[in-house]
Amino acid sequence: MTEPTPAVDYVNLYILTPEEVLYEGQVLWVEVPLEDGLLGVWPGHAPLVAALGEGVVRYDTGEGVREVAVRRGVLRIGIERCAILLSAWGQQALPEQQGDKEELAAELEKALFETLSEQEVEELQKE
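Using this note's numbering, the first residue of the sequence shown is number 6, and each one after it goes up by one.
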């Protein structure tokens, strides 16, 4: 029997690039541009993996709404967190000469490991 998901009032949001952590913290909600439209992420959202589309990630910190322009990347929603792994953001895209998709995936995975504990990464991989 599946245990109910605990009720929480926030989403643990991580916005990462291969070079840096753009945001890490608790938010009330997140709005993410996907390839096929906008997705709202609220506390308790079902697990999901999706490709980002070009647009603006918006999120409410409780002290106001913030925005990050994105071009491409991956969204990973788990039971307790929402990770946005960006390969291109804002006005700056990663230069094409920085490598192929496998190299980019390795850089994004490294950034994820630097932000989350090993146990948190293992939990994400199980979801």
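Hints listed in this document are in silico derivations from the structure and should not be mistaken for laboratory results. Glycine included, C-beta positions come from ideal geometry on N, C-alpha and C. Hints may be right or wrong, so weigh each one.
[Said to hold, decoys possible] So the derived label-pair ranges between C-beta atoms look like this:
#	residue 1	residue 2	range
1	123	42	27 to 37 Å
2	123	70	16 to 26 Å
3	74	124	15 to 25 Å
4	59	123	10 to 20 Å
5	124	60	26 to 36 Å
6	25	66	13 to 23 Å
7	33	53	11 to 21 Å
8	68	26	14 to 24 Å
9	26	77	26 to 36 Å
10	25	60	14 to 24 Å
11	68	47	28 to 38 Å
Which earlier hints can't be squared with this structure? Hints 2, 3, 4, 9, 11 not satisfied by this model.
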